[in-house]
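Chains as they are written, first to last, in this note's numbering: chain A, 1 to 283; chain B, 1001 to 1385.
Simulated from the structure, these hints should not be mistaken for laboratory data. You may find that some hints are simply not true.
[Unchecked claim] Computed footprint of chain B on chain A; a stretch qualifies when at least three of its residues, placed anywhere within it, have a C-beta under 8 Å from a C-beta of chain B:
| no. | segment |
| --- | --- |
| 1 | 74–88 |
| 2 | 92–99 |
| 3 | 176–186 |
[Said to hold, decoys possible] When the alpha-carbon atoms are kept at most 25 Å apart in a straight line, the in silico BS3-like pairs for lysine-lysine are as follows:
| no. | chain 1 | residue 1 | chain 2 | residue 2 |
| --- | --- | --- | --- | --- |
| 4 | B | LYS1127 | B | LYS1151 |
| 5 | B | LYS1151 | B | LYS1130 |
| 6 | B | LYS1130 | B | LYS1097 |
| 7 | A | LYS201 | B | LYS1130 |
| 8 | B | LYS1200 | B | LYS1190 |
| 9 | A | LYS201 | B | LYS1151 |
| 10 | A | LYS201 | B | LYS1127 |
| 11 | B | LYS1200 | A | LYS201 |
| 12 | A | LYS201 | B | LYS1126 |
| 13 | B | LYS1097 | B | LYS1082 |
| 14 | B | LYS1097 | B | LYS1126 |
[To be verified] Interface residues of chain B toward chain A, partial, derived using beta-carbon atoms under 8 Å:
| no. | residue |
| --- | --- |
| 15 | MET1102 |
| 16 | PHE1104 |
| 17 | SER1106 |
| 18 | HIS1112 |
| 19 | ASN1114 |
| 20 | TYR1116 |
| 21 | ARG1125 |
| 22 | LYS1126 |
| 23 | ALA1129 |
| 24 | GLY1160 |
| 25 | ASN1173 |
| 26 | TYR1245 |
C-beta atoms are modelled at their ideal positions from N, C-alpha and C, and glycine is treated no differently.
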Amino acid sequence: MTASTLQRPPASTEDPAALKPKRRITGAGLLHVYTWVIIGWLILPIAVMIAFGFNDTPGRYNQTWNGFTLKWYGRLFEYPDLTSALITSIVIAVVSSLLAAALGTGIGYALGRYRFTGSGSLNLVMFATMSSPELIMGASLLSLFVSAGTGLGPVTITIAHVMFSISFVAVVVRSRVLTLDRSIEEAAYDLGATAWTTFWKVTFPIILPAVFSGVLLAFALSIDDFIVTAFTAGTTKTFPLWIWGATRVGIPPQVNVMGTLIFAVGVLGAVIANVRSRQRKRD
Amino acid sequence: MTTPQHSAVRARSAPPAGGTPAIEFVGVNKNYLSHGETVPAVKRTDLAIGQGEFFSLLGPSGCGKTTTMRMIAGFEEPTAGKVFLDGNDVTNVSANKRDVNMVFQSYALFPHLNTYQNVAFGLERKKVAKSEISRRVAEILEIVSLTGMEKRSPREMSGGQQQRVALARALVNRPRALLLDEPLGALDLKLRQQMQIELKRIQREVGITFVYVTHDQGEALTMSDRIAVMNAGVIEQLGSPREIYERPASRFVAGFIGTSNIVDGHVDRVEGGLAVLSYTAQDRVVVPAAPSVRQGDRLEVSIRPEKIDMHRGVPPVQATGGSVLSGTVTEVVYHGTSTNYTVATAAGADFTVFDQNASNADDLADRGDRVYLTWAPQHSYMIGD
């Protein structure tokens, strides 16, 4: 025992201690480059969008750089139909993400906490809706709404958005509930709380960060959704639909400014969620 | 021979304190359904726990001790039988309406609430007046030595402090009984020993019945007024720590509580209330016998390792009238205060012997030494007697 630990194994001629750090340095260098390539790749389109919001372009075409200006921020609401499309999108995103949060939290909690008849199928269906192509979902929703005789408009868009974002909320909430110590709820019950009080005083506050990220996700999915919205909108114009329509006549810089503002709100939300989860994790 | 059935009957002895028991099980059993099969978790059990008792449910994992506790708490409903609290039938009363509180193994503190809010949770549910709540929370935090920690959140506290919060959160409601589910399991040894003493002190101060679930026999022996040793859904023995240690009712209890040497054999003769089991001309085990024991009966005898004297090479005086077994030392483990020997004996069983390292260090026996083990008749105990 002692002899074998003292003696170097005869097979290894190179010193492993000398090799290891060298390999780590080249590896770390490569990783550095790779990281920055990916960051650049991800951020470049957004940077271009933000930059062209400051482009002093003479007309509606906003494809070549003509110098810096802040005037589009002042003339943000110059196109009333663009403004109303943005408002429509925001309203739909808020309503659908809140509905998806309410329904998705319930589903996620049930799936994380209990095994019940149909829970397996529900899991499967949720992943199916998340992974099924939007084009097919949109087309079938159109047939559904048309054959059901409902007119197309903000309501059908909202229904469609709730439908595809519910699963995302449910999955996020479910994974949180799975890591939630069951005895915490039992403790509340043991201390005299009803099932209702236990949920609102104990369970919900604990899973709130997960619900919050679910809402953010649903909001992000809704506000820029194009494909499903195009099928279910009828004559309603949402922000993405308006931009698509404007491509033929030129997309005004206001669109870039609005995009920048939406992005800023999204970043803010993500930062808040991140900080909160860090606070939670910190010992 | 004694069977667990027999000891289960013994277990029905009433608690030492008279009057209505704090907790009573009458013919309770609990089955679980697992993949369409009925699995018994707790077999038919009668149990009475007295007012103010420190009562332990002791056994290996899966023995039914936690299920038993959860039936007291109201988290599990018995398959059959009745549960009484202070003489009231609570079999169908749900956990949130039962006047007992629980300290969970994981503490189960509310992570989003601070110490004060955690402790006040139960009183708020009972709609106790705010001033009364703050008075009672302050009082209980003082008892568990957490005064000044009101604003701390659970994650800012050590394991021992969290444990105290969990204790305070349950005790502040002045329950009929406090149920503790392996509450010290997550603490390190030193803290655990400290908390054992603390728990005993707190229990004396509040005077509430404690039901303590543990798999740690040392913990159960030090803290309890009475212990129920459970195995495979049955209470194998119920009694004071001393009774359980000195007079184990079954082979399982003898093995589970501390270290026991168990030897069996046929009764050669009974004289003066002592049964003698002979193995060779000089190797014999002498045990105080029940009146029913007859010549030829097969007995199981348990002897605690610290009661045995070991003699090296010198045959002991036969006149003591006690047990004598010759054997060979097969293992020597030095423990500082004592030395533990394993001896292969003439009775066929391997014996463990604890020898206090009192004076002569050169007294140590070596592996392979021929030795004689002797002990007084009263240190033999007939299992199941």
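Here's how the hints hold up against the structure:
1. Coverage of a stretch by a chain is defined here by at least three residues with a beta carbon nearer than 8 Å to that chain's beta carbons; for the segment 74–88 of chain A and chain B the count is 0, and the condition is violated.
2. Closer than 8 Å: that is the beta-carbon criterion, and the segment 92–99 of chain A has 0 residues meeting it against chain B, so the requirement of 3 is violated.
3. Under the rule that three or more residues need a Cβ within less than 8 Å of chain B, the assignment of the segment 176–186 of chain A holds, with 4 such residues.
4. This hinted pair checks out: LYS1127(B) and LYS1151(B) have alpha carbons roughly 22 Å apart, not beyond 25 Å.
5. Of the supplied pair hints, the one linking LYS1151(B) and LYS1130(B) holds, its CA atoms being roughly 17 Å apart against a limit of 25 Å.
6. With a C-alpha separation of about 21 Å, the suggested pairing of LYS1130(B) with LYS1097(B) holds against the 25 Å cut-off.
7. Restraint check for LYS201(A) and LYS1130(B): satisfied, since their Cα atoms lie roughly 18 Å apart, inside the 25 Å limit.
8. With a C-alpha separation of about 16 Å, the suggested pair LYS1200(B) and LYS1190(B) falls inside the 25 Å cut-off, and the hint holds.
9. For a cut-off of 25 Å, the pair hint linking LYS201(A) to LYS1151(B) stands: about 18 Å separates their Cα positions.
10. Between LYS201(A) and LYS1127(B), the direct Cα distance comes to roughly 15 Å. Compliance with the 25 Å bound is thereby established for this hinted pair.
11. Restraint check: the Cα-Cα separation between LYS1200(B) and LYS201(A) comes to about 32 Å, which exceeds 25 Å; the hinted pair is violated.
12. Only pairs whose Cα atoms come within 25 Å are accepted, and LYS201(A) paired with LYS1126(B) is accepted, the gap being roughly 14 Å.
13. Restraint check: the Cα-Cα separation between LYS1097(B) and LYS1082(B) comes to about 17 Å, which is no more than 25 Å; the hinted pair holds.
14. With a C-alpha separation of about 10 Å, the suggested pairing of LYS1097(B) with LYS1126(B) holds against the 25 Å cut-off.
15. The interface hint given for MET1102(B) is met, as the beta carbon of that residue sits about 5 Å from the closest beta carbon of chain A, less than 8 Å.
16. Annotation: interface hint on PHE1104(B) holds; nearest CB of chain A at approximately 4 Å, less than 8 Å.
17. The criterion of a C-beta within 8 Å of any C-beta in chain A is met by SER1106(B), whose closest approach is roughly 6 Å, and the hint holds.
18. The closest approach between the C-beta of HIS1112(B) and any C-beta of chain A is roughly 5 Å, which is under the 8 Å cut-off, so the hint is satisfied.
19. A hinted interface residue such as ASN1114(B) counts as satisfied when its beta carbon comes closer than 8 Å to some beta carbon of chain A; here the least separation is about 13 Å, so the hint is violated.
20. With a least beta-carbon distance of about 14 Å to chain A, the hint placing TYR1116(B) at the interface is violated under the 8 Å criterion.
21. With its C-beta approaching chain A no nearer than about 4 Å, ARG1125(B) sits inside the 8 Å limit, and its interface hint holds.
22. A cut of 8 Å between beta carbons decides the hint on LYS1126(B): the least distance to chain A is about 6 Å, and the hint holds.
23. Using the Cβ-Cβ criterion of 8 Å, the hint placing ALA1129(B) at the interface with chain A is not satisfied: the shortest such distance is roughly 16 Å.
24. The interface hint given for GLY1160(B) is broken, as the beta carbon of that residue sits about 15 Å from the closest beta carbon of chain A, more than 8 Å.
25. Because the smallest distance between the Cβ of ASN1173(B) and any Cβ of chain A comes to about 7 Å, under 8 Å, the interface hint for this residue holds.
26. Because the smallest distance between the Cβ of TYR1245(B) and any Cβ of chain A comes to about 32 Å, over 8 Å, the interface hint for this residue is violated.
The earlier numbered hints that this structure contradicts are 1, 2, 11, 19, 20, 23, 24, 26.
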